[in-house]
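Asks: One-letter residues, chain by chain:
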Amino acid sequence: MISSKTSFSIPRVASTSIQQVRYKRKLAYPQYTHKIPKQSFNKKDHSSFFQRAIKEWLGPKNIRGEYYRNKYYYPPQNHRPNYIVPDGNTIVGKESVGSSIPMGAQAFNRDPTLHPFPQNIYCKTSNILPHDLKGKIVEEVSKNGLHVQEVAHKYGIKIARIEGLLKLHDIEKNWEQEGKLNEDLTNYSEVMYKMFPLYQPPVGSDNLTEIPTPHKTLTQRFLTIAESEPFGPIEAAELLELPVASDTLSNLSNVETAEDQANSIKQEVVVGTQKEGDRVQFKFTTSKVGNVGFRYGASRRDTKKNRGVGFDSEGRMVYI
Amino acid sequence: MPRKTQNINSLSRGYIRASMNKYNLFNLYKKSPIRYNGRTLYQQKWTSKAETRAYHGEHLTESRWKTIFNPSLETVAQLDASLKGSKVAPTPMALQTYASLEKRLEFAIFRAMFASSVRQAREFIIAGNVKVNGVTIKHPSFPLRGGDVFSVDPEKVLYAMGRKKPSLDVALKTDTKQIITWNKHVKAAIENPRVVWELMQAKPKSLDTINSKSLSNKDTIKNFNVQIEKNMKAKQKRVTKQSILGKILRTAKTSEVPVGAETFVEFGSDAPKCNLIYQKLVDSKHSLIESHSHGEVSKYLSIKKDDIQNQDEKHLLRQIKLVLGEIERSRWEQIRLDSEQSKLSSSDKSIPFTSEFTNNLKFHPKLDKEQATEDETKAQVDLPWQRGLFGRKDPSKPYFTPWNPRPFIGCFAILPAHLEISFKTCHAVYLRDPIARPGQSEVITPFPDHVHERAYMHYVRKGM
Chain C
1 MISSKTSFSI PRVASTSIQQ VRYKRKLAYP QYTHKIPKQS FNKKDHSSFF QRAIKEWLGP
61 KNIRGEYYRN KYYYPPQNHR PNYIVPDGNT IVGKESVGSS IPMGAQAFNR DPTLHPFPQN
121 IYCKTSNILP HDLKGKIVEE VSKNGLHVQE VAHKYGIKIA RIEGLLKLHD IEKNWEQEGK
181 LNEDLTNYSE VMYKMFPLYQ PPVGSDNLTE IPTPHKTLTQ RFLTIAESEP FGPIEAAELL
241 ELPVASDTLS NLSNVETAED QANSIKQEVV VGTQKEGDRV QFKFTTSKVG NVGFRYGASR
301 RDTKKNRGVG FDSEGRMVYI
Chain F
321 MPRKTQNINS LSRGYIRASM NKYNLFNLYK KSPIRYNGRT LYQQKWTSKA ETRAYHGEHL
381 TESRWKTIFN PSLETVAQLD ASLKGSKVAP TPMALQTYAS LEKRLEFAIF RAMFASSVRQ
441 AREFIIAGNV KVNGVTIKHP SFPLRGGDVF SVDPEKVLYA MGRKKPSLDV ALKTDTKQII
501 TWNKHVKAAI ENPRVVWELM QAKPKSLDTI NSKSLSNKDT IKNFNVQIEK NMKAKQKRVT
561 KQSILGKILR TAKTSEVPVG AETFVEFGSD APKCNLIYQK LVDSKHSLIE SHSHGEVSKY
621 LSIKKDDIQN QDEKHLLRQI KLVLGEIERS RWEQIRLDSE QSKLSSSDKS IPFTSEFTNN
681 LKFHPKLDKE QATEDETKAQ VDLPWQRGLF GRKDPSKPYF TPWNPRPFIG CFAILPAHLE
741 ISFKTCHAVY LRDPIARPGQ SEVITPFPDH VHERAYMHYV RKGM
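Taken in sequence, the protein lines are chains C and F. If you're matching positions, the first sequence starts at 1 in my numbering and goes up one per residue. If you're matching positions, the second sequence starts at 321 in my numbering and goes up one per residue.
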């Protein structure tokens, strides 16, 4: 390997003067089997190993300046991603030097059409919603009058995603009416659309029973119980002071009506009528001392490092 | 201010960055797994932290990141896990270490693929090209909340995700080369059509998924067969009673030997029938024998029976029409059989040679470089695959026109689960903060969980 050639070696002199190497930086040499041409004997060739390595990896260019034989140069357009496989064979039609993937460079069970990174199989690309399914969802909500939660259950998509989809649909419709979509933009959106896997329910549907993990369950609890004493999910919930999972699950599938929502939101509003001839309108809202104005003697954030920042309605940064 | 940096995509250093750069792709490709053997825990944590921080917010200083870091890792529990019965996959909690960065506007724009790197996303924000809920935000650190709609100016997105626009000089050089190559091809095709045809057939299929019109073998054969069917129908349409009679009379007139069945060889098995028609006309001393222009023939055949008084003439016309009808049907059948034979079956590998392909090939005039340098719009390029100067069809745009995706975009195109994107309008909705669930983490990262675990340990400082 090249690494042995370029790594720093400790000169072995007399045993009395041992030099300790504290920091030995290893260069990031490719681990796949490669056949990188040596520097030519031309005086002007100052190309480094890595420059020659990437040139070899990219492959030849055509007249138009495209690496036309590199299998990653052009994007996939069949809804089947083509993520990297680090086996050293990137050039189509070139004799392969050896196609084994270096040990540990790719995780076991990795699918290159789903996992973008060879070493991390927990990272997956999401599915894109097909145009017709989007249309169907919009129709279900706007024409058939279904509740977003019902649509979510029907198609196996999370509520937040459906709400987002509806928002974006409105924007797209406005843009079409205003004639803001040009040829390049349509071309771009089609290329992007064809790059991602399509959502085909029920395959790849969201799990709608997900809840944020209760913090109480993240720590260990020890309980001594008798051998004959029954211990199940209900007892566990009692111990952790949490609602029983089956109840939470049934609550999740209940559709919240507009009436329920109205009941649940309680906002205290004090309304005062503006009298004729009044120059100003007063609005009364309840507030707590400390939230409004400065409490005498309290420390100020603005004198500290890393002050808290927020943004006002016009997008300007303000200190809080 | 972003952290200052030099040679961010150094190949010898080999750090992976949040960028779609081709050097970064090579670094990702050749990344060797992080090994811990023979290293102290502190060394392991330090290496893991250095590697992950190079990808997650490398533009932030370490002290800035430490204030952003949130030690509580957001995960979800799936309530139907016990109902499923199967073993639940482990939840990669450690991959949430950098989740608190993902809510920053700059990261969301990069993840939505509206910018090719986080640093570019910052540039777009600072320049005022980004809006959140319709309000221009100029702060890359703006924290997004669930339901926020953000958008980037489409021109900027096309610039970021498109191919680099060539300079006028490069475009002219490329087009000169393309024209020379094309003219060489045309010349060779006209001189040796068969050789060029075979070379074209043997050429490997292009990998270009965007501009190449090359179809799969199945589609090419289908198109070829459709063309044959079209030609067949056109040919059948041309064969009518009039055309057959006209041809018979013309052949007989030009014949030097006395007219017999063998005069009409070109009609094949219908030759005796043709002779019969001719003899019948001769016997009745018909005027068509002498003058048989297209008009007269069709006039004769279009006479109605009732208009003819003479019984013999009536009989003659009926007989001629009958025989002509037979010949017409057999000719049609012959044309159909011929075209069926020339059709390709799905197992065929190549399309048979036709000399017609050179008919449409035309030499391209040379490009006047001096004139084009003075006024770009005067450069006339009209190649079969390209109209206008290379990449500069619309020189006012900052990207390659007509728009083409940037190189190697497919390797970096990851659709995030925590965003819903509308590419058409360059808008996206931030659905929620990315979370970890059994078997998946919504935080996009190239590093495996054990690296993140050590990085988390480094920042949480209490051990894990």
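Some hints could be false.
[Unchecked claim] List of simulated lysine-lysine pairs, DSS-like, C-alpha gap at most 25 Å:
hint, chain 1, residue 1, chain 2, residue 2
1, F, LYS485, F, LYS561
2, F, LYS663, F, LYS593
3, F, LYS493, F, LYS507
4, F, LYS485, F, LYS625
5, F, LYS619, C, LYS61
6, F, LYS593, F, LYS555
7, F, LYS782, C, LYS61
8, C, LYS61, F, LYS641
9, C, LYS61, F, LYS525
10, F, LYS404, C, LYS154
11, C, LYS55, F, LYS663
12, F, LYS451, C, LYS55
13, F, LYS451, C, LYS167
14, C, LYS44, C, LYS55
15, F, LYS561, F, LYS619
16, C, LYS194, F, LYS504
17, C, LYS180, F, LYS713
18, F, LYS641, F, LYS484
19, F, LYS451, C, LYS180
20, F, LYS504, C, LYS61
21, F, LYS542, F, LYS641
22, F, LYS484, F, LYS342
23, F, LYS484, C, LYS180
24, F, LYS523, F, LYS504
25, C, LYS61, F, LYS497
26, C, LYS61, F, LYS342
[Said to hold, decoys possible] Okay, the calculated bits of chain C under chain F, using three or more residues with CB under 8 Å as the criterion:
hint, region
27, 36-42
28, 57-63
29, 82-94
30, 101-113
31, 144-157
32, 193-200
33, 227-241
It is worth saying that the hints were derived from the structure and are not from the lab. All values derive from a computational prediction rather than experimental measurement. Built from N, CA and C at the ideal position, the CB exists for glycine as well.
Asks: Each hint: holds or not?
Replies: Taking the hints in turn, this is what the structure says about them:
1. F:LYS485 to F:LYS561: violated (62 Å)
2. F:LYS663 to F:LYS593: violated (30 Å)
3. F:LYS493 to F:LYS507: holds (21 Å)
4. F:LYS485 to F:LYS625: violated (75 Å)
5. F:LYS619 to C:LYS61: Outside the cut-off at roughly 67 Å; violated.
6. F:LYS593 to F:LYS555: Answer holds: F:LYS593 to F:LYS555 is near 21 Å, not above 25 Å.
7. F:LYS782 to C:LYS61: Violated, because 52 Å separates the two Cα atoms, which is more than 25 Å.
8. C:LYS61 to F:LYS641: violated (67 Å)
9. C:LYS61 to F:LYS525: holds (16 Å)
10. F:LYS404 to C:LYS154: holds (19 Å)
11. C:LYS55 to F:LYS663: violated (46 Å)
12. F:LYS451 to C:LYS55: With a Cα-Cα distance of about 40 Å, the restraint between F:LYS451 and C:LYS55 is violated, given a limit of 25 Å.
13. F:LYS451 to C:LYS167: holds (15 Å)
14. C:LYS44 to C:LYS55: holds (17 Å)
15. F:LYS561 to F:LYS619: holds (12 Å)
16. C:LYS194 to F:LYS504: Violated: C:LYS194 and F:LYS504 sit about 36 Å apart, past 25 Å.
17. C:LYS180 to F:LYS713: holds (20 Å)
18. F:LYS641 to F:LYS484: violated (70 Å)
19. F:LYS451 to C:LYS180: holds (17 Å)
20. F:LYS504 to C:LYS61: holds (20 Å)
21. F:LYS542 to F:LYS641: Given pair F:LYS542, F:LYS641 is violated - Cα atoms ~38 Å apart, limit 25 Å.
22. F:LYS484 to F:LYS342: Distance of about 13 Å is within 25 Å: holds.
23. F:LYS484 to C:LYS180: holds (23 Å)
24. F:LYS523 to F:LYS504: holds (17 Å)
25. C:LYS61 to F:LYS497: Holds, at roughly 13 Å.
26. C:LYS61 to F:LYS342: holds (14 Å)
27. 36-42: Per the Cβ count (0), the hint is violated.
28. 57-63: Coverage by chain F holds for the region 57-63 of chain C (3 residues, Cβ < 8 Å).
29. 82-94: holds (count 7)
30. 101-113: It holds, with 5 qualifying residues against the three required.
31. 144-157: violated (count 0)
32. 193-200: Holds: 3 residues of the region 193-200 of chain C have a Cβ under 8 Å from chain F.
33. 227-241: The restraint on the region 227-241 of chain C is violated, since only 1 of its residues have a Cβ under 8 Å from chain F and three are required.
The earlier numbered hints that this structure contradicts are 1, 2, 4, 5, 7, 8, 11, 12, 16, 18, 21, 27, 31 and 33.
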